[in-house]
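Q: Sequence:
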Amino acid sequence: MSARKRFILTIDGGGIRGLIPLRILESLESRLAARGKSAPLHRYFDLVAATSTGGIIAAGLTAPKPDDLSGAPAATIAELRRFYEVEAREVFKPRGILEKLLANPWGLFDEKYDERPLERVLKERLGWTSLASALTHIVLTAYDISAREAVFMTNGRTRRGETDDDYYFWQAVRATTAAPTYFEPARVENLTTNEEQVMVDGGVFMNNPVIAAYIEARKLGWAAEDIVILSLGTGRKIERSYSFREASGWGALGWLSPKNDLPLLSILTHGQATTADYQANWLFSEMEAAEYMRLDGVVPKEAGGMDNARPGNIIELNGVADRVIRDNTLLLDEIADRLQERED
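Take the UniProt record's numbering: the final residue in the sequence shown is number 344, and no numbers are missing along the way.
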């Protein structure tokens, strides 16, 4: 008799483009429903790993609904879709014209957005639940700028019985989404040490968390050959190219300027995401160990921004998601067939 497979879901960072992997999960949920399976998605995955906007989805699906003892998740797929299509406009609400011109031209002297609207939504949805109460195993990435180290916020117990530090869900999501230049760093309370940590978006070092997910699975004692990973991207943006003549004239402001589409941040996140996918494809194939499935799409340049929550762009992103779903119909059907056997 073969060992029980361990299914892992990973979700990349990408701001408003998180709508794309959410729509893929919506399609997977509808396929499961068509097979008579109506359990929440966390019941089908042994571990969910996410970075940045993926952390919003992961927390919504795996955090317990506050003040609810039924075991229901904090948010449904429909509620998460409303967040991206409607509520995100408030999160990515531009500052006033006068403030931008006088106090913060081109975003050079302050973060682009006020973090309070995002924090308000996170507190409303997640309450004061902590990662220790998650409905399945979870990994959220962030970077601690005070300790200068990568942080993998998890709720797992290793094969040696060790546990990781615990955090409030809403603060963990605030940390993994604290994209530099967009939002202020997050002040996070470590519930295990009772110390404060200062974190920024995990996308600065791991926009695609697939390797972190695999390492966490192995720490939990899961056999490599039993691991099945479904990795969801937020769209491969048609990146702006830079000529030597253009880039050679940049100083620090040029590399960080929103006027130039934040080239340093864009290059770091794009390079890391593509590298992680390359590593996962090669390693898992070479080792003949974990099974790896990657779903992603191509986002037009005009729709590639992390913070464009305008209705027209939401239509564009839904179109990208529709194409990914259509082009991967057989794979999604296969995944649904395999997941349906897991509902208790």
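Simulated from the structure, these hints should not be mistaken for laboratory data.
Be aware that a few hints might be false.
[Stated by the list, open to error] The calculated BS3-like cross-link candidates involving lysine-lysine, where the alpha carbons are at most 25 Å apart (straight line), are: (1) LYS112 to LYS65; (2) LYS301 to LYS219; (3) LYS237 to LYS219; (4) LYS112 to LYS123; (5) LYS93 to LYS301; (6) LYS5 to LYS37; (7) LYS112 to LYS301; (8) LYS237 to LYS93; (9) LYS112 to LYS93; (10) LYS37 to LYS112; (11) LYS219 to LYS5; (12) LYS237 to LYS112.
Q: Could you run down the list of hints and mark each one as holding or not?
A: Now for the hints, and whether the structure bears them out:
The straight-line distance between the Cα atoms of LYS112 and LYS65 is roughly 31 Å, outside the 25 Å bound, and the hint therefore fails. At most 25 Å may separate the alpha-carbon atoms for a hinted pair to count; LYS301 and LYS219 exceed this at roughly 39 Å. For the hint pairing LYS237 with LYS219, the CA-to-CA distance comes to about 33 Å; that exceeds 25 Å, so the pair is violated. A threshold of 25 Å between alpha carbons decides the hint, and for LYS112 with LYS123 the separation of about 21 Å falls inside it, so the pair holds.
Under the criterion of a C-alpha separation no larger than 25 Å, the hint pairing LYS93 with LYS301 is consistent with the structure, at around 21 Å. Taking the CA atoms of LYS5 and LYS37, the gap is near 19 Å; set against the 25 Å cutoff, the hint holds. Distance hint between LYS112 and LYS301 is fulfilled; the C-alpha atoms sit about 21 Å from each other, no more than 25 Å. The suggested pairing of LYS237 with LYS93 holds, with an alpha-carbon distance near 22 Å, which does not exceed 25 Å.
With a C-alpha separation of about 9 Å, the suggested pair LYS112 and LYS93 falls inside the 25 Å cut-off, and the hint holds. Annotation: proposed proximity of LYS37 to LYS112 is violated, straight-line Cα distance about 43 Å (limit 25 Å). Proximity of LYS219 to LYS5 is assessed by CA-CA distance (about 16 Å); at most 25 Å being required, the pair is judged to hold. The suggested pairing of LYS237 with LYS112 holds, with an alpha-carbon distance near 21 Å, which does not exceed 25 Å.
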